[in-house]
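The sequence shown lines up with residues -26 to -1, 1 to 309 when you count with mature numbering (1 follows the signal peptide of the UniProt record, and there is no 0).
If you are wondering where the hints come from, they were derived from the structure by calculation, not from laboratory data. Careful: at least some of the hints might be erroneous.
[As the list claims (entries may be wrong)] Computed spacing ranges between beta-carbons, pair by pair:
| id | residue 1 | residue 2 | range |
| --- | --- | --- | --- |
| 1 | Thr297 | Ser164 | 36 to 42 Å |
| 2 | Gly182 | Asn229 | 27 to 33 Å |
| 3 | Gln302 | Ile278 | 36 to 42 Å |
| 4 | Asp106 | Lys306 | 48 to 54 Å |
| 5 | Gly84 | Asn207 | 15 to 21 Å |
| 6 | Lys118 | Gly265 | 37 to 43 Å |
| 7 | Asp259 | Asn83 | 27 to 33 Å |
| 8 | Pro274 | Gln302 | 54 to 60 Å |
| 9 | Ala228 | Asn83 | 34 to 40 Å |
| 10 | Ser281 | Ala105 | 42 to 48 Å |
| 11 | Gln138 | Val308 | 31 to 37 Å |
| 12 | Gln37 | Ala273 | 15 to 21 Å |
| 13 | Asn229 | Val308 | 38 to 44 Å |
Ideal Cβ positions, reconstructed from N, Cα and C, are used throughout, including at glycine.
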Amino acid sequence: MSLLRRSLGLAAGAAAAVLVLSGCVAGENAAAEPAGAEEAGASTSIALDWATYNPLSLIVKDQGWLEEEGYTVEWVQSLGSSKANEALRAGAVDFGSTAGSAALLARANGAPQQIVDVVAQPEWAALVVPADSDITSVADLKGKRIAAALGTDPYFFLVQALEQNGLSVDDVTIENLIHADGAAALQSGSVDAWSGLDPIMAATEAAGATLVYRDLELNSYSVLNATEEIIENNPEAVQAVVDAYERAREWALANPAETARILADAAVIDLAVAQKVIDEREGLDVDPVPGAGLEKVLAPIGAIQVSLGDVASQSALDEALATLFAPQFAEKAVG
């Protein structure tokens, strides 16, 4: 079995579904209630996503820290930023993992969610072509079919890459496919290129595909979003989740080999591929507080969203940027 097929084994089986549920409850020895929850009347049941593109989520799930604190967690798999945003909007999760660009897009279109933690600054998106492709530059993509998941970081990576090289989305045919399906389309030859996302992208590279265009500055941050409802009504739970994320960050930086193992198991990829992602492309050592640095990266992406008609107006974008961040939880976690 090829490395790529192994990497898609879990994700592709669930590609037709928005979410894959995996129930998880507090352990027998966990405290009955988190500290202060009873007094505040806050719920101890939360719905939290996990995603292979968010290793901190995998660590929090694997280690069971929230359950130890007395929370009953419904763990829900997100298959991409667009799917996480759908789940947040539908109320299927309280917390969802997305790219910063996707979080901005959702907020600008009225989604009641905010970024509560910056997960990483990864180089997780690039343009990928098959090993035998004659495409060697972005210019060669003119007239080609490219797989990309609309509303995700790889999609906005593609748009920016095209614009920087004198092309636009009108010069190519974009196939709207979630990440696992995009990789499969590339492998089958039904598309000429794929705007990919790790860790699936790293597996395609290991299987012989070529990253034909890379640019770290075109990647937006990986972020954790929370619904406004849980921020307003259960801030204790939000703080507990962000605290667990920051604990996971310290743990991941101290235990890169074990972090790679957890990622390899969750994504069904070879350990060496997972280690490459963690060591070279994940970028976990960042300031977790959403603020000016993240806004600086998102503002030009937002302008693209407006120009494409994905956001109705510049004023809607400006309002989204002004209200997108809820930094108080990460500030307390690191303080």
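task: Find the hints from earlier in the document that the structure breaks and name them by number, from lowest to highest.
output: 3, 8, 10, 12, 13
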